[in-house]
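J.: Sequence:
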Amino acid sequence: MKQVLLVPFLLFWIFFVLHSTTTSAQSPAQSPAAPSGPSDILSILKKAGHFTTFIRLLKNTDMAEQINGQLKKNSLGLTIFAPPDSCFSNLKLGTLNSLTDKQQLQLVQFHILPSFYSILQLQTATNPVHTLAGDSNDGHFQLNVTSSSGEQVNLTTGIVSATAADTIYTDNSQLAVYRVDQVLLPLEIFGSPSPPPSKPKQSAATTASTSETSGLIGPNLPQTAISLGVAVGAMFSFWL
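In case it helps, mature numbering (1 follows the signal peptide of the UniProt record, and there is no 0) puts the sequence shown at residues -25 to -1, 1 to 215.
Keep in mind that the hints were calculated from the coordinates and are not lab data.
Among the clues, some could well be false.
What the hints assert, rightly or not - Here are the computed lysine-lysine pairs in the DSSO-like style, where the Cα-Cα straight-line distance is at most 27 Å:
1) Lys77 x Lys21
2) Lys48 x Lys34
3) Lys48 x Lys21
4) Lys67 x Lys34
5) Lys77 x Lys47
6) Lys67 x Lys21
7) Lys77 x Lys48
8) Lys34 x Lys77
9) Lys77 x Lys67
10) Lys21 x Lys47
11) Lys67 x Lys47
12) Lys47 x Lys22
13) Lys67 x Lys48
14) Lys34 x Lys22
15) Lys34 x Lys47
The whole structure should be built from the sequences, with the hints applied where relevant.
T.: Here it is in structure tokens:
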């Protein structure tokens, strides 16, 4: 009796296995899931590490949100020069705290180009390269590529010279993030103010002449009056 019941069960199991195998063979192969990249600029910098100060500036100035929003709608992309924490530590104590909110925003924007640049494209870029801080064509917030070698470029702001050699992140079309070895200090914020015009100095000859003239007017006036009185008295004596 058990053998009679076992035969239909075995036949059903064989049929099920054959049917499942055929169905799997006919099903289209699923494509592998695309690797999920960093969701935003803050994630990129956090993953790279040692960018705590630059991350804080991006947050405080709301530039992190603007960067992420611009990447979604701007076909030109963005290029970001990111100074690590060690670069900010080399600044004079209290430098960042002494800046106004507007100056902090301009400092961050000075590290961002409104277009995607690979290292090779930076090496052939026309100076001055345009940043988000201002219109360099009008002479404001100028950033220049001074030289290049291999996979690095040298930048100058008029105050500091920096090297961008390490690519932190690139998607080859929309966003490139490069590590720089100096905080890019714009001349408009960190340049020394022009000294006030100096007052014209009197020449030594003019000073001496004035002193001599003053001396003649003062003490010699009574002597002249006395001499004149003596002469008048002599004339009266002669007539008498």
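J.: Going through the numbered hints above, which ones does this structure break? Give me the numbers in ascending order.
T.: 11 and 13
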